Amino acid sequence: MKTVDEFKEGQVLLIDKPLDWTSFQIVNKIRWNIRQKFKLKKIKVGHAGTLDPLATGLLILCTGKFTKNIETYQGQVKEYTGTITVGGTTPSYDLESDINETFEYKHITDVQIKEATAQFLGDIDQKPPMFSAIKKDGRRLYKIARKGEIVDIPFRKVRIDEFEITNIDLPNIEFRVVCSKGTYIRSLAFDFGKSLGSGAHLSALRRTKIGDFSVEDATDPFVFVNDLRGDESPKPRVKQK
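Heads up: the sequence shown is residues 1 to 241, going by my numbering.
There's no promise every hint is true.
[To be verified] Here are the simulated SDA-like cross-link-like pairs (lysine to any residue), alpha carbons at most 25 Å apart as the crow flies:
| no. | residue 1 | residue 2 |
| --- | --- | --- |
| 1 | K127 | G75 |
| 2 | K127 | E164 |
| 3 | K181 | V77 |
| 4 | K194 | R176 |
| 5 | K39 | L14 |
[What the hints assert, rightly or not] FRET-style restraints, in silico, Cβ to Cβ:
| no. | residue 1 | residue 2 | range |
| --- | --- | --- | --- |
| 6 | K39 | G122 | 46 to 54 Å |
| 7 | T166 | K65 | 38 to 46 Å |
| 8 | D125 | G75 | 34 to 42 Å |
| 9 | R156 | P53 | 31 to 39 Å |
| 10 | K37 | G182 | 17 to 25 Å |
| 11 | K37 | E164 | 18 to 26 Å |
| 12 | I70 | T109 | 37 to 45 Å |
The set of hints was computed from the structure by calculation and includes no laboratory data.
If you're wondering where the values come from, they're calculated on a predicted model, not measured in any experiment.
We put the beta carbon where it would ideally sit given N, CA and C, even for glycine.
Could you put the whole structure together from the sequences, leaning on the hints where they help?
Structure, rendered in structure tokens:
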């Protein structure tokens, strides 16, 4: 495990975020345990790109002086795997909210699904989900959405470099996507459902890469904390999606 000086000078920590944890909870847990371990009043710890609570996978954390490099990591290309479920939409575009509309999907063929990916490749205009942390007139969109208010959300340019269908078992469609910073995979799922003449939501998501960093090299946060403490007790295994 690293020394206190190494954490202060700066470290890049690759964490495999568990399901149902927010990115900020992971940051707070790591920061608190570093402080406790070395009896520090404060230590800088930040993450380079939020993952939704219902997503798992690679979360890059920076400590100490390396927090100045966070924007560099945020801007790198990202890879995700996940599942799009057709036949129903939700206000959040994922399972954070309940199904609000249902659609037929029996007409959808494997050929249609694979061909539909082409229209999402390259530079595209994407509208972020209403349930997101983007600010509109100084207010977070998800706070506006939870009050039942409706506001106009402008489209933004994002880039999809790769969109591969890896398995089809309707209503579930498994995929792999390589995309730019700012891409909402939830919005991609919603738009993909419309392109198939149906509706869809994101039912599973895992971030597998950020630039040259891979989730295969990441550490479970509980394992990291146990190693930091020098705890030899059994380390919990977190079920991932």
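Outcome of range test on Cβ distance (R156, P53; 31 to 39 Å): With Cβ atoms ~23 Å apart, the hint is violated.
25 Å Cα cutoff - pair K127, G75: Holds. K127 to G75 sits at ~19 Å (cutoff 25 Å).
Whether the CB-CB distance between D125 and G75 falls inside 34 to 42 Å: For G75 against D125, whose Cβ atoms are near 20 Å apart, the range 34 to 42 Å is violated.
C-beta pair K39, G122: status relative to the range 46 to 54 Å that was hinted: At roughly 52 Å between Cβ atoms, G122 and K39 fall inside 46 to 54 Å, so the hint holds.
25 Å Cα cutoff - pair K194, R176: 19 Å, holds
K39 paired with L14 [C-alpha distance capped at 25 Å]: It holds: about 23 Å lies between the C-alpha atoms, which stays within 25 Å.
Pairwise beta carbon distance, K37 to E164, judged against the given window 18 to 26 Å: 42 Å, violated
25 Å Cα cutoff - pair K127, E164: 21 Å, holds
Supplied distance hint 38 to 46 Å, evaluated on CB atoms of T166 and K65: At 40 Å between Cβs, range holds.
Cβ separation of K37 and G182, checked against the hinted range 17 to 25 Å: 35 Å, violated
Outcome of range test on Cβ distance (I70, T109; 37 to 45 Å): Taking Cβ atoms as reference, I70 and T109 lie about 44 Å apart, which means the hint holds.
Straight-line alpha-carbon gap K181 to V77, limit 25 Å: 6 Å, holds
Of the hints listed earlier, those the structure fails to meet are numbers 8, 9, 10, 11, in rising order.
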